[in-house]
Amino acid sequence: MRTLVYVEHDNAIINSATLNTLTAAQQLGLEIEVLVAGVGCAAVAEAARVLPGVAKVLVADHPCYAHHLAENVAALIVSLSADYANIVASASTTGKNVLPRVAALLDTQAISDVIAVLSADTFKRPVYAGNAIATVRSLDKRKILTIRATAFDAVASTGGEASVSKIETVHEADISTFVTESLAVLDRPELTTARVVVSGGRGLQKQENFALLEKLADKLGAALGASRAAVDAGFVPNDMQVGQTGKIVAPDLYIAVGISGAIQHLAGMKDSKVIVAINKDEEAPIMQIADYALVADLFDAVPELELKL
Amino acid sequence: MKALVAVKRVIDFNVKVRVKADQSDVDLTNVKMAMNPFCEIAVEEAVRLKEKQVVHEIVVVTIGPKAAQEQLRTALALGADRAIHIETDEPVQPLGLAKLLQGVVNVEKPELVLMGKQSIDGDNNQTGQMLSALTGYAQGTFASDLVFEDGVLNVTREIDGGLQTLALRLPAVVTTDLRLNEPRFVSLPNIMKAKKKTIEVQSPDDYGVDIRPRFEVLKVEAPAARPAGVRVATVDELLDKLKNEAKVI
Chain A
0 MRTLVYVEHD NAIINSATLN TLTAAQQLGL EIEVLVAGVG CAAVAEAARV
50 LPGVAKVLVA DHPCYAHHLA ENVAALIVSL SADYANIVAS ASTTGKNVLP
100 RVAALLDTQA ISDVIAVLSA DTFKRPVYAG NAIATVRSLD KRKILTIRAT
150 AFDAVASTGG EASVSKIETV HEADISTFVT ESLAVLDRPE LTTARVVVSG
200 GRGLQKQENF ALLEKLADKL GAALGASRAA VDAGFVPNDM QVGQTGKIVA
250 PDLYIAVGIS GAIQHLAGMK DSKVIVAINK DEEAPIMQIA DYALVADLFD
300 AVPELELKL
Chain B
0 MKALVAVKRV IDFNVKVRVK ADQSDVDLTN VKMAMNPFCE IAVEEAVRLK
50 EKQVVHEIVV VTIGPKAAQE QLRTALALGA DRAIHIETDE PVQPLGLAKL
100 LQGVVNVEKP ELVLMGKQSI DGDNNQTGQM LSALTGYAQG TFASDLVFED
150 GVLNVTREID GGLQTLALRL PAVVTTDLRL NEPRFVSLPN IMKAKKKTIE
200 VQSPDDYGVD IRPRFEVLKV EAPAARPAGV RVATVDELLD KLKNEAKVI
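Taken in order, these protein sequences are the chains called A and B. In this text, residue positions in the first sequence follow numbering that gives the first Met the number 0: the first is 0, and each later residue adds one. In this text, residue positions in the second sequence follow numbering that gives the first Met the number 0: the first is 0, and each later residue adds one.
Note that these hints are calculated values from the structure, not bench results. All figures in this text were calculated on a predicted structure; none of them were measured in a lab. We put the CB at the ideal spot given by N, CA and C, even for glycine. Among the clues, some could well be false.
[Stated by the list, open to error] Label pairs and their calculated CB-CB ranges: (1) A:Glu171 to B:His55: 25 to 35 Å; (2) B:Asn13 to A:Lys272: 28 to 38 Å; (3) A:Glu45 to B:Ile198: 17 to 27 Å; (4) B:Asp11 to A:Ala155: 12 to 22 Å; (5) B:Ala245 to A:Gln287: 40 to 50 Å; (6) B:Arg17 to A:Val49: 32 to 42 Å; (7) B:Asp21 to A:Asp173: 47 to 57 Å; (8) A:Asp217 to B:Glu220: 37 to 47 Å; (9) A:Gln287 to B:Ile198: 39 to 49 Å; (10) B:Ile248 to A:Glu30: 37 to 47 Å.
[As the list claims (entries may be wrong)] With a straight-line cut-off of 30 Å between C-alpha atoms, the simulated BS3-like cross-links for lysine-lysine are: (11) B:Lys51 to B:Lys1; (12) A:Lys123 to B:Lys218; (13) A:Lys307 to B:Lys246; (14) B:Lys218 to A:Lys307; (15) B:Lys240 to A:Lys214; (16) A:Lys123 to B:Lys1.
Isolated chain A, as found in the complex (with noise of 0.2 Å):
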């Protein structure tokens, strides 16, 4: 038996995310196998096949695949699911949104959020908006995972030498379609695998206010988020927000600035190694686990830090 890794992309390239899975795959000990389906994907499916410790691509290339459809993807896992007793994807929207369905379909209970291996069939993974870690054992036979990327290291882009297999049947329900996509155009880094995030919050005020942090981003190469309060705000787009329903970051630097830090913010970032907060509030949570907490007004000292850098 084997492990199965679903290889997130966009048709063009990997999704970083995807490094990080195969770490966690490679923990549970069989031999790793990893599916790209798309459309045009040849591309994709050369950059796995170099991946180190995958032994064999399988390609699936077919327009029904291009947007990775959750009634389309699940049903071309679950027709390939005899050979593999796991079945992994990484915790983004689009593992969630497929390997719940693959599960369901394979009468088996999936495991969300993997953030260690502890065995074949023991993880742990976090409950209660991260405010504990539950370690669970699956009783099903088949595992079926999906990993949360910051808390494993990426693996190496090149060094492998897989096989490559086509997979020509088509798994086409025809009761979803794909309509459109708008997607945040990044100049800076990633969030979720920058090495240095500066996030905003509520204190910012206003939407321009977000320039003084995009020059301070600029300066260290960073990414940029911001807490749900600024994301309600309407002070940036969803996709920067930082917390336990948005984006789960671990960078070595965040700093974030007039974040208020609710539990809910802290639970997307507190695994970050260093944690700068600089807030007017000296009560506020987030200065209790910050590594540095400067109490200063953001609009004087950010523009300061900027300059000084």
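Model the placement of chain B on the given structure of chain A, informed by the hints.
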């Protein structure tokens, strides 16, 4: 159309969660409980669709202990027409929940199932997807906008990189994300009116579904605490610490 809304009783989102000393679970004794916030959004959306006359009947369902009827009463006060309580004191995992809900769907035949994308206790984010798979209903997860047109539901989804819109052929299961709507508060007259609405009590056995757990919880522990940090007085001191102590810039 008929809408089925699934709701869950969970710890109130404002309550600080504590782990039991024996690490068997989190401590829920005498803790304030409430409707899961994502479920509230699902109820609100159903009520708004009824106000727009897209939906003509709202059936709300919960699976849980007797006390979960409080959350059904809340949903009824918000505007649901009737309620189903599948009563069990056992914790039910997502696959079991999805199978029970499949049983309800088979009886009620709703064109739309609305539910939260996850509950804030288990944080599994699975039940809606599983229900969609088991029923063959189209799947629209993490919804931030719904538009109905001629038997087709355009659902805008919050995905990692931004937003994605899918067209779903009804019937469909939709799971709600935070920005779909802002739930209203329950008014006192509606609470009184809701007392007259019916809650039908059933048991998991009525559906012939095996809800035994498929994973064991071996241990629940508090996350590793971060060591206490320091206050820095100036931007210069902060920069010095980041360069020379933390060595991150």
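Status of each hint after checking the structure:
1. Roughly 32 Å separates the CB atoms of glutamate 171 of chain A and histidine 55 of chain B, a value that falls within the hinted 25 to 35 Å.
2. At about 29 Å, the beta-carbon gap between asparagine 13 of chain B and lysine 272 of chain A stays in the expected band of 28 to 38 Å.
3. A hinted range of 17 to 27 Å is violated for the C-beta pair glutamate 45 of chain A and isoleucine 198 of chain B, which are about 58 Å apart.
4. Distance hint check: the CB atoms of aspartate 11 of chain B and alanine 155 of chain A are about 45 Å apart, inconsistent with the given range 12 to 22 Å.
5. Range check, alanine 245 of chain B to glutamine 287 of chain A: about 18 Å between beta-carbon atoms, so the 40 to 50 Å window is missed.
6. Checked against the hint of 32 to 42 Å, the C-beta distance between arginine 17 of chain B and valine 49 of chain A comes to roughly 48 Å, which is inconsistent with it.
7. Between aspartate 21 of chain B and aspartate 173 of chain A the CB atoms are about 52 Å apart, so this pair conforms to the stated range of 47 to 57 Å.
8. A beta carbon spacing of about 40 Å between aspartate 217 of chain A and glutamate 220 of chain B agrees with the range 37 to 47 Å that was offered as a hint.
9. Separation of glutamine 287 of chain A from isoleucine 198 of chain B is about 43 Å and conforms to the stated range, judged on CB atoms against 39 to 49 Å.
10. A hinted range of 37 to 47 Å holds for the C-beta pair isoleucine 248 of chain B and glutamate 30 of chain A, which are about 42 Å apart.
11. A C-alpha spacing of about 13 Å is found between lysine 51 of chain B and lysine 1 of chain B, which places the hinted pair at or below 30 Å, so the restraint holds.
12. Only pairs whose Cα atoms come within 30 Å are accepted, and lysine 123 of chain A paired with lysine 218 of chain B is accepted, the gap being roughly 9 Å.
13. Proposed proximity of lysine 307 of chain A and lysine 246 of chain B is supported: the alpha carbons are some 16 Å apart, at most 30 Å.
14. The suggested pairing of lysine 218 of chain B with lysine 307 of chain A is violated, with an alpha-carbon distance near 48 Å, which exceeds 30 Å.
15. Of the supplied pair hints, the one linking lysine 240 of chain B and lysine 214 of chain A holds, its CA atoms being roughly 21 Å apart against a limit of 30 Å.
16. At most 30 Å may separate the alpha-carbon atoms for a hinted pair to count; lysine 123 of chain A and lysine 1 of chain B exceed this at roughly 40 Å.
Of the hints listed earlier, those the structure fails to meet are numbers 3, 4, 5, 6, 14 and 16, in rising order.
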